[in-house]
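Participant: So the sequence lines, in the order shown, correspond to chains P and D.
Numbering that gives the first Met the number 0 numbers the first residue of the first sequence as 0 and each following residue consecutively.
Numbering that gives the first Met the number 0 numbers the first residue of the second sequence as 0 and each following residue consecutively.
It is possible that part of the hints are untrue.
[Stated by the list, open to error] No farther apart than 30 angstroms at their CA atoms in a straight line, the calculated lysine-lysine pairs in the DSS-like style are these: (1) P/Lys-131 x D/Lys-72; (2) P/Lys-63 x P/Lys-151; (3) D/Lys-54 x P/Lys-7; (4) D/Lys-26 x D/Lys-15; (5) P/Lys-63 x P/Lys-45; (6) D/Lys-80 x P/Lys-138; (7) D/Lys-28 x P/Lys-123; (8) D/Lys-41 x D/Lys-72.
[Claimed, not checked] Far from chain P, some chain D residues (derived; all Cβ distances over 10 angstroms): (9) Tyr-18; (10) Leu-35; (11) Glu-57; (12) Lys-66.
Honestly, the hints are just simulated from the structure, not real lab data.
Virtual Cβ for every residue (Gly too), placed ideally from N, Cα, C.
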Amino acid sequence: MEVLNPSKWVDNYADYLYNYTIVRVNDAVIAQDLISETFLAGLRSKHNFKGEASERTWLISILKRKIIDYYRKKNSNRGKAEVLVSYKNDDIEGNWLEENAADLFDRTAEDRMENSELGLAIIKCLNKLPTKQGEIFKKKTIENQDTDVLCKEYNITPSNLWVIIHRARKNLMECLEKNWYN
Amino acid sequence: MKLFLKCHEAAYLCDKNQYKEISISEKLKLKLHLLLCKLCNKYARKNQKLTNTLKAVEIKTLNPESKLQLKEKLQKELADKLNS
């Protein structure tokens, strides 16, 4: 059975929740607020956690409600329900119907969603790496930090660094192979 | 370095190559090894796939300061809970 471990929440789930939120609200500040609210709500309703789902799934279920609340509030501030169809630019004359119909075949939104799911799968895999290995890999690969800078920061030699990167990459390949490509 | 690499040397260069941190002569030696070695070739392809995937999805990480802030908030809430 799963137990909650709030002191580890930020390290274990902040990036995951952040990536989940950012594609849905499209605003870094709001995403951070929602995550912070989610963690606090999680603490307050700790007793509701029954250990059936994983900690992450449970936090995501809280976050989902926070995101819905956010949109509700936003719409009620505006005093009307959100209109989902956008008519793009009113000034442009012509076939708005066809333009909008063409959107059905526009895969960018769908692609973005699929990409974000892949992103979440990658973060899940990254979180499974040993702490230091994951940290160094993230800094090197996602934040594009210099080899020299990283070596100094962790007080390791470049060949140490590349061994760590090698292990991290192998672990990730395996993890993604198992959880995504199949 | 000699012309023919051992597999672990090839793997090392292959990883460095994902970050564009190898010289031209190293690249040539790597290419030569990959022509000759099936296993390393497979690893190189997987490695490239991982690089492409990571580039395509643009993973965002929350910056360290925000994480610290979040941690402090949580800590405070936890302490308040204990005291109440």
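Participant: Take the hints in turn and mark each one as holding or not.
Facilitator: Each hint tested on the structure:
1. With a CA separation close to 25 angstroms, the supplied pair P/Lys-131 and D/Lys-72 stays within the 30 angstroms bound.
2. Proximity of P/Lys-63 to P/Lys-151 is assessed by CA-CA distance (about 40 angstroms); at most 30 angstroms being required, the pair is judged violated.
3. Distance check on the hinted pair: D/Lys-54 and P/Lys-7 sit about 28 angstroms apart at the alpha-carbon level, within 30 angstroms; holds.
4. With a C-alpha separation of about 10 angstroms, the suggested pairing of D/Lys-26 with D/Lys-15 holds against the 30 angstroms cut-off.
5. Restraint check for P/Lys-63 and P/Lys-45: satisfied, since their Cα atoms lie roughly 17 angstroms apart, inside the 30 angstroms limit.
6. Taking the CA atoms of D/Lys-80 and P/Lys-138, the gap is near 35 angstroms; set against the 30 angstroms cutoff, the hint is violated.
7. About 35 angstroms separates the Cα atoms of D/Lys-28 and P/Lys-123, which puts this hinted pair outside 30 angstroms; it is violated.
8. Of the pairs offered as hints, the one joining D/Lys-41 and D/Lys-72 is violated, with about 47 angstroms between alpha carbons and a cut-off of 30 angstroms exceeded.
9. Not every Cβ of chain P is farther than 10 angstroms from the Cβ of D/Tyr-18; the closest lies at roughly 7 angstroms, contradicting the non-interface assignment.
10. At roughly 21 angstroms from the closest C-beta of chain P, the C-beta of D/Leu-35 stays outside 10 angstroms, upholding its exclusion from the interface.
11. The Cβ of D/Glu-57 does not lie farther than 10 angstroms from every Cβ of chain P; its closest approach is about 7 angstroms, which violates its non-interface assignment.
12. Remark: the non-interface label on D/Lys-66 conflicts with the geometry, its nearest Cβ contact in chain P lying 5 angstroms away (cut-off 10 angstroms).
The structure is inconsistent with the numbered hints 2, 6, 7, 8, 9, 11, 12, although it conforms to all the rest.
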